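Colleague: Take a look at the letters that make up each chain.
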Amino acid sequence: MNLIATEEGPRTLQISVLRHNPQDTESTPHWQTFELEEAQSMTLFIALNEIRQTMEPSLQFDFVCRAGICGSCGMLVNGRPGLACRTLTRNLPDKITLAPLPGFELIGDLSVNTGKWMRGMSEHLETWIHQHNLEQTDIDRLEERMEPELAEKIYELERCIECGCCIAACGTARMREDFIGAAGLNQIARFRLDPRDERTDADFYTLVGDESGVFGCMTLLGCEDYCPKDLPLAAQIAFLRGRMVAASL
Amino acid sequence: MPQAMSPWPARMDLLQSLSGLLLVLFIWSHMFFESSILLGEDAMYQVSRMFEGEPFFGKPYPLIVSGVGITIFVLVAVHAILALRKFPGNSRQYRLLHQHMGAIRHPDTTLWYAQVATGFCLFFLIPAHLYTVITQPENIGPYASSDRVWSERFWIVYALLLLTVHAHAAIGMYRLFMKWYAPSGVNAKQTRARMKVAMWCILVFFTVLGSASLLTYMRIGYQHTDSVGERYKPATVQDKGH
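Residue numbers (numbering that gives the first Met the number 0), protein chains in the order written: chain Y, 0 to 248; chain A, 0 to 241.
Relax, there's no trap hidden among the hints.
Only part of the chain Y face toward chain A is listed, based on derived beta-carbon distances under 7 Å:
| no. | residue |
| --- | --- |
| 1 | GLY170 |
| 2 | ARG173 |
| 3 | MET174 |
| 4 | THR205 |
| 5 | GLY208 |
| 6 | ASP209 |
| 7 | PHE214 |
| 8 | MET217 |
| 9 | LEU220 |
| 10 | ALA234 |
| 11 | ALA237 |
| 12 | VAL244 |
| 13 | SER247 |
Covered by chain Y, according to a simulated footprint, are these stretches of chain A (three or more residues, beta-carbon under 8 Å):
| no. | stretch |
| --- | --- |
| 14 | 11–17 |
| 15 | 76–87 |
| 16 | 92–99 |
| 17 | 104–118 |
| 18 | 172–182 |
Simulated from the structure, these hints should not be mistaken for lab results.
Predicted model, so just to flag it, every value in this text is computed and none were measured.
Glycine is no exception: its CB is placed at the ideal position from the N, C-alpha and C atoms.
Turn these sequences into a full structure, and let the hints steer you where they fit.
Modeller: As structure tokens, then:
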């Protein structure tokens with residue numbers, strides 16, 4: 000298998016895309032293969048744009064930032080979830096398959112509606128600061144200070160870009176659609192840390208203390224291994240599991 | 000705020016892990032006692048008499064072994080019924096899981112599936128073993144056990160049990176560690192990799208130890224084919240040259 004461009008010249012990549020347009024009643028899911036010459040430092044973002052510009056203008060896929068920040072370009076690359084903009088073709092074999100992330104509503108081809116899923120999760124878990132008398136807060140006053148170490152810890156979890164890779168990598172989420180996955184559990188861990196959120200562990204238990212929450216997790220660790228932001232998801236879930244067990248006793 | 004939730008999901012998760020932990024500690028200890036046959040028939044005889052309480056009560060009480068067997072059976076039943084919650088529940092879930100595993104080829108997801116498969120086999124293999132332990136506790140000894148292994152063809156059950164139980168136990172311990180104390184920080188990946196190496200080492204160690212013991216019981220059983228039913232007498236009781 001030729002993994003990198005050699006002195007013989009650039010490789011010809013065969014990129015097969017799983018195509019389907021659910022809006023079109025005539026459309027059925029099928030693979031379409033495109034051939035293109037590999038360029039230096041080519042990412043899948045560059046490759047897909049080249050395909051769209053020169054071969055198939057109707058190809059649907061999402062990109063915004065091109066830098067692994069917006070979380071729009073999550074897809075299955077050779078069966079494994081990842082961000083197309085951060086995937087260099089030189090790390091892939093000659094034949095590449097691209098498929099939409101499973102577990103999300105398909106918009107078309109490689110484009111899925113992660114936003115809808117994330118919003119549903121966010122509303123279900125109430126991922127915002129809960130405070131009594133919030134409407135009486137004096138917004139002209141400076142916020143209470145937070146220790147930098149604590150702010151760092153919150154920021155670490157806040158780095159989640161909601162790309163959906165952890166959901167697509169999770170066997171539990173594939174089998175059980177109501178499972179909130181690592182993206183949801185990470186949000187609970189984040190708000191649990193935040194001193195501005197007045198919710199207790201007993202309150203959090205009412206949100207994640209069942210099999211659609213932390214006790215549904217089977218520690219398959221796909222989330223940990225395929226998170227493009229390298230978030231400490233397994234450690235957060237393990238810690239949250241312990242706290243939720245303590246809250247139940 | 001939503002209605003208060005049942006504490007049972009938390010309790011069941013904890014109980015599944017605790018019962019699993021106890022069973023792993025039991026099976027690992029069991030292997031050391033069982034493999035005493037490698038040190039000789041006398042050593043195995045002493046160990047089996049010890050578990051019947053002879054050193055403490057002056058004479059053997061095989062019912063103690065039955066009691067331990069029943070306790071283990073109850074633990075296995077509790078562990079199994081709790082673990083069943085996590086098995087795929089219908090053909091749709093199996094199809095989705097197989098699709099997912101085939102595409103992602105993720106080692107830890109495969110490890111979990113190995114636990115599902117070995118766990119399923121253990122539903123049948125453990126009762127077969129425990130039934131004889133509970134109902135015939137007096138028939139545990141260098142000759143009695145070897146006769147059972149060879150002449151009663153129990154080596155088939157034990158060989159399958161050996162392979163499945165140690166895979167299930169070693170993988171289970173690694174997964175327990177990741178479930179309740181997944182490492183974090185800069186060394187997280189390294190710690191997890193070390194835990195996985197430890198898992199494989201433990202799996203190989205107990206499989207080799209168990210296989211060596213089983214082969215020894217098979218050899219003794221084969222040599223004892225003509226005297227099935229005869230019970231072992233320790234060297235201190237046997238006539239010299241016997």
